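> Chains as they are written, first to last, in the UniProt record's numbering: chain Z, 1 to 334; chain G, 1 to 334; chain W, 1 to 334; chain V, 1 to 334.
Rather than coming from a laboratory, the hints here were simulated on the basis of the structure. It should be emphasised that the depicted structure is a prediction, and the values quoted were computed from it without experimental measurement. Do not rely on the hints blindly, as some may be mistaken.
[Stated by the list, open to error] With a straight-line cut-off of 35 angstroms between C-alpha atoms, the simulated DSBU-like cross-links for lysine-lysine are:
(1) G:LYS23 x G:LYS43
(2) G:LYS236 x V:LYS129
(3) V:LYS267 x G:LYS192
(4) W:LYS267 x Z:LYS43
(5) V:LYS236 x Z:LYS294
(6) W:LYS236 x Z:LYS23
(7) V:LYS236 x V:LYS23
[Unchecked claim] Chain W stretches covered by chain Z per the calculated footprint, using a threshold of three residues with CB under 8 angstroms from any CB of chain Z:
(8) 45-53
(9) 285-295
[Stated by the list, open to error] Not everything, but these chain G residues come out facing chain Z in the computed CB check (under 10 angstroms):
(10) GLN176
(11) ALA189
(12) ALA193
(13) SER194
(14) MET195
(15) PHE199
(16) LYS236
(17) ARG237
Heads up, the beta-carbon is just placed ideally off N, CA and C, and yes, glycines get one too.
There are 4 protein chains.
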Amino acid sequence: MLKTTVIGASGYTGAELALMIHKHPELTLTGLFVSANSVDAGKNISALHGNLAGVIDMTVEPLVDPEAVAQASDVVFLATAHEVSHDLAPVFLENDCQVFDLSGAFRVNQDGFYTEFYGFEHQHSDWLKQATYGLAEWNQEAIQKSQLIAVAGCYPTASQLGIKPLLENQLIDTQQWPVINAVSGVSGAGRKASMTNSFCEVSLHAYGVFTHRHQPEIATHLGCDVIFTPHLGNFKRGILATITMKLQPGVTEQQVAQAFEQAYQDKPLVRLADGDLPRLQNVQNTPFCDIGWKVSNEHIIVVSAIDNLLKGASSQAMQCLNIHYGYPELTALV
Amino acid sequence: MLKTTVIGASGYTGAELALMIHKHPELTLTGLFVSANSVDAGKNISALHGNLAGVIDMTVEPLVDPEAVAQASDVVFLATAHEVSHDLAPVFLENDCQVFDLSGAFRVNQDGFYTEFYGFEHQHSDWLKQATYGLAEWNQEAIQKSQLIAVAGCYPTASQLGIKPLLENQLIDTQQWPVINAVSGVSGAGRKASMTNSFCEVSLHAYGVFTHRHQPEIATHLGCDVIFTPHLGNFKRGILATITMKLQPGVTEQQVAQAFEQAYQDKPLVRLADGDLPRLQNVQNTPFCDIGWKVSNEHIIVVSAIDNLLKGASSQAMQCLNIHYGYPELTALV
Amino acid sequence: MLKTTVIGASGYTGAELALMIHKHPELTLTGLFVSANSVDAGKNISALHGNLAGVIDMTVEPLVDPEAVAQASDVVFLATAHEVSHDLAPVFLENDCQVFDLSGAFRVNQDGFYTEFYGFEHQHSDWLKQATYGLAEWNQEAIQKSQLIAVAGCYPTASQLGIKPLLENQLIDTQQWPVINAVSGVSGAGRKASMTNSFCEVSLHAYGVFTHRHQPEIATHLGCDVIFTPHLGNFKRGILATITMKLQPGVTEQQVAQAFEQAYQDKPLVRLADGDLPRLQNVQNTPFCDIGWKVSNEHIIVVSAIDNLLKGASSQAMQCLNIHYGYPELTALV
Amino acid sequence: MLKTTVIGASGYTGAELALMIHKHPELTLTGLFVSANSVDAGKNISALHGNLAGVIDMTVEPLVDPEAVAQASDVVFLATAHEVSHDLAPVFLENDCQVFDLSGAFRVNQDGFYTEFYGFEHQHSDWLKQATYGLAEWNQEAIQKSQLIAVAGCYPTASQLGIKPLLENQLIDTQQWPVINAVSGVSGAGRKASMTNSFCEVSLHAYGVFTHRHQPEIATHLGCDVIFTPHLGNFKRGILATITMKLQPGVTEQQVAQAFEQAYQDKPLVRLADGDLPRLQNVQNTPFCDIGWKVSNEHIIVVSAIDNLLKGASSQAMQCLNIHYGYPELTALV
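Same shape as in the complex, but just chain Z:
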């Protein structure tokens, strides 16, 4: 049994992780932590996430001695703010923990990226180089070997899973940038009080247009420019991404279907919607990514749907763990 610790247990992704660790036959939940100065320190996890009452009975502790926690853990999930992950990951790594980081702190190995998009200068370029991008369906081999998995972002997961099969098979004309329109549930903003996320103010709108940090994350890992427009929707969880692309001349519907089928034939967490288009509801509270598409002459529209807290964060982290340790991919997920 692997001793498994969650840092950042007060948030929504932390709660999902705790629940999956609890279900996983090879993991023992050994600790739940929050920042030392968090108001949530000392509370029972079920006082923060009422749905966990009767399932997990454990105090959320303040992280005062990361070193000691590291020494007591085999596996660490970081469900923490980007800056916090940036600072903590090396501590756990140097103590031989296997680390799954759900933040953006180790996702993009590119000069100036963190300064521009995250507002801090990256201090751990070695670890940044060694980190493996945790897009589970596409980086399986690297995930098996790497000690630090930078789990892919929520929008980037939905987007890339919809684009990569076409891109890899050179079916799209990338001179005309793919247009990604995505709508996310409010939980994507985390568990916190803010005017923007207050119930009466939430209302469908676009935000972060041309400036969202997930645009370069997508573009870098695809190796292709994209236009990415995120929206906030009036629902709690889920992301629906609608991606418009230009096909290369002569590409047929059959080629498109084949590309998707080949890419995901042995990937149990991607469901290809045969002729139909995904509905957000079908993926909410599930670890799946649903993908559907329509072709019209030289254009294709791909729709991709995930639960932002699961396939877009926690369950993909657990999927990476299953891959890394060679457990069946669906363990603790379905």
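Fit chains G, W and V to the known structure of chain Z by using the hints.
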């Protein structure tokens, strides 16, 4: 034209007031104010309430000199916190303004009430005595004469409009206390950031059980004990109150119907749902109170529905203004 | 492994059952059926319930020969309309199947009840007598022995779990009838097209006042009259019941707490909210019932929350199965 | 006073029209009609639309003699199905009524269009030629003169108002087709029972991809190809359209801003969101179209928001009426 000022224009009820003043043929909107230290001071009203763009173009000013504002106003609406109304109302009253206070600061003239339920000691007992309770359908005469209208609370409006016709006609057995179960939209908590009202946390639940300050407001003005259980619902606006009462022996359905019809026959803002029961949606964004009921032997269930921001606050304030000045009751409301 | 069949697989409770059977280590899902003339016959279960894609791959068959299905099954779940369950249950029972009926067809053994509240005359009074009411926490022994479990209704489950501990300990004054106000999600009405349940028409309102068939179900099984007022809420799943009762003179808070604790100390699916009150969200998508209460002098308000499709239907059916066969109570549930 | 009739009063747009006619100082509401065989014939309008109780008290009559209704009317609004409008409009026109048709029956004067996209052959090509497309901000002169106004569709209104200023000023490179992603509230599907629109089934998804009839409506009236992807959102009313376009080389932000400002400087119902992006909530229940945009090098994203039942249907019809008769444009709208 009456020069009309709104204090507390950054909130939801303030915005509704601004819009109604704008529509009212006898009123001129002369000023919109917030507390001197509010972050919203200096913004255009439409930057705070986007729906007002293109309708009202006015800066929300910091209230630095209430005396000066009072002298420039004929009518003042206080859409402010209880303590703020408590402090400001006398300033406006002493400057001969007609005051409509939407807070709870002048609603209950009872020893110890404000200390117990509002957490402050009331300093203006003279004004408290002179204040008229603004439950528009029931206090018409007093509203015509009074300089200070303490507009009835949201839950108290829905509750009392459903109970008073039966009580006044002695149709209910008050030894068995009326049981009021009410569900309110989230806007009842005001326009602010808080964990409780954050989109992902809002979920139907009861709160303030046996302790909510609207229980004594209802009981005092009815002259009858009640059990009042408020709930937060997952919608933006509206209150639905379901009231269970015991009838006096021998009371017939006909007597019940007659009591409601007599009470509201010339009250255009109360709609009696003939045989049917109110649906929240029908009153949302309207100034109406919908009332329906069912009788079974010795019990009666009355359901009453209002928009908490309108009939439960702003439109009832305007209705009181119309009554006070003798304008047609529906002016600026329908 | 018990060969397990679901009749009524096109509905929401049928889908939940299929998923739980799939997860259960002692059950094999051997068949999913709908009425012979259903438009859903012949479709894959995942075409009806998209969330099941990638999890359960099975055709929903038309039930043309119940006898044959019975002979191929050890366990049958009836997630069918009341009349259909009434007709089918005997067929399965006489073929030695263990039957869990989620409809109301065998819940109330009282003369004239089905004619008055369900609109049909009951033809199987023998089975009605032998049926055990599936309120899992309270009928454990009978459930162990009975071949026909009439799983408790959704509102009755939430209501009785909140009232029985007080009633059994004679803490409440039943001369003043308990007042149950409950709000249910729209899925309670089943999976079908109707004006009432169309998205734009759904809006909080009371219905079935004094006439809902769950009132006599509750009253009969409690042995105490109650006033039951159901409401439709603007959410998909869950029931929150707020129950107002009069305590016997002299009853203390401590006695109340003790009654709840004793009743549920070894019942893992009832969670007592210590001092707090339940939030619907915490039970949605879970098999739990959350119960909280507040006492004020001679009155008590109990709030009880369940997922109507799970603890109010499918998971309680599975819980009864676990009890019946002696499997750990949480198997396939948490 | 113009005698004004609404055909199709049982639907959501019919109700909105009735309310606006009621408010309009130059119009008298002389009749509300539904199809002769409608179940709603004979009901009071407030029994169909509870929010109208206490405001409009009028029976919805079956349309048995259109000729007679025409002779009793000066103005007719057709809030009817496409085929019904197609058949009825000529009757009213030939009786000298001024007709505002909210359906798609007279919007696109193109060979084969109705056969392909509406499934019927158009029989009134003369009227189709004479009809004026009711996109109020862009066809003012023609609207003033025309007897038949084919009010623009909901998606086409949101889309064209966001694209036309750029297109008319030749700021966009139309070789790369504008990509319109739009999300509509469920009321867009009309007031009816259907599985797709049942509360529990509604969930964000794309539909009608590459096949929706609003694509050719937009393309024809713009004179430019577009990719149009409609989505159903989990809200009752409103449309948010996000439009991604390529700018002509060298086009500056200033030129873009200027184009929008010039186009809408004297158009009171278009609100340009200065630097900000529209939020759906701000236009719900209003007659406004909010437009915002962001430029990044050679790309521009325009976001446009309307209430689908108002600016996307009824209030735009009334706006066209105001323009046609020379009344102030905001009459009965704000």
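> Which of the numbered hints above does this structure break?
2, 10
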